[in-house]
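Trainee: Listed below, chain by chain, are the residues.
2 protein chains.
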Amino acid sequence: MKKYKADIIVTLKNGVRDPQGAAVDTVLKRTGVEEQAAVQTGKFFTLSVTGEDEVNAKSKLGIICEEVLSNPVLETYKVERFSEV
Amino acid sequence: MKKYKADIIVTLKNGVRDPQGAAVDTVLKRTGVEEQAAVQTGKFFTLSVTGEDEVNAKSKLGIICEEVLSNPVLETYKVERFSEV
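Chains as they are written, first to last, in my numbering: chain A, 1 to 85; chain B, 1 to 85.
Just so you know, these hints were derived from the structure itself, not from any lab.
Keep in mind the model is a prediction, meaning the values are calculated, not measured.
No incorrect hints appear here.
If several chains are the same, the list does not tell them apart, and a pair holds so long as it fits within one copy or across any two.
For lysine to aspartate or glutamate, the following DMTMM-like pairs were computed, each having C-alpha atoms within a straight-line distance of at most 20 Å: (1) Lys5 <-> Asp25; (2) Lys2 <-> Glu35; (3) Lys78 <-> Glu66; (4) Lys29 <-> Glu67; (5) Lys29 <-> Glu52; (6) Lys43 <-> Glu75; (7) Lys58 <-> Glu35; (8) Lys5 <-> Glu52; (9) Lys5 <-> Glu35; (10) Lys29 <-> Asp7.
Just chain A, with the same shape it has in the complex (with noise of 0.2 Å):
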């Protein structure tokens, strides 16, 4: 078994309302440190993964990501890194 470290970054779909990207713009507008931030939020996860190989253990990563991580109808999920540990 080798073991595998993933970064995730679970985002929200285009056309998805944003309100907590949304109450970070008002701030910054307000504080008036930037205008037109456009701050959009997510989600990140460090984790490890077990696999007989790099083939197993990404595809255990994904349904870990779709079922666990992210809510598919809402969001998609990136694999930022993806290492042998």
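Add chain B to chain A, keeping to what the hints say.
Mentor: Then chain B, alone, in the frame of chain A:
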């Protein structure tokens, strides 16, 4: 004025409890997907900053990250991407 896009990752400092990560760990263990996923959670932001030049925009971004996007007592941030648009 130049415009830059930045990706920011905010994570908890070492030693700070991560109940959301622990919850995901529990789910992965209970469903038999992964025994020791050691999930760590964080926040992800994409935003635009304007500035006279890169140095100016980066220093503004530092202020935004420290004062709005993260809580420096509990969290650290990392600028994952910074590019002119």
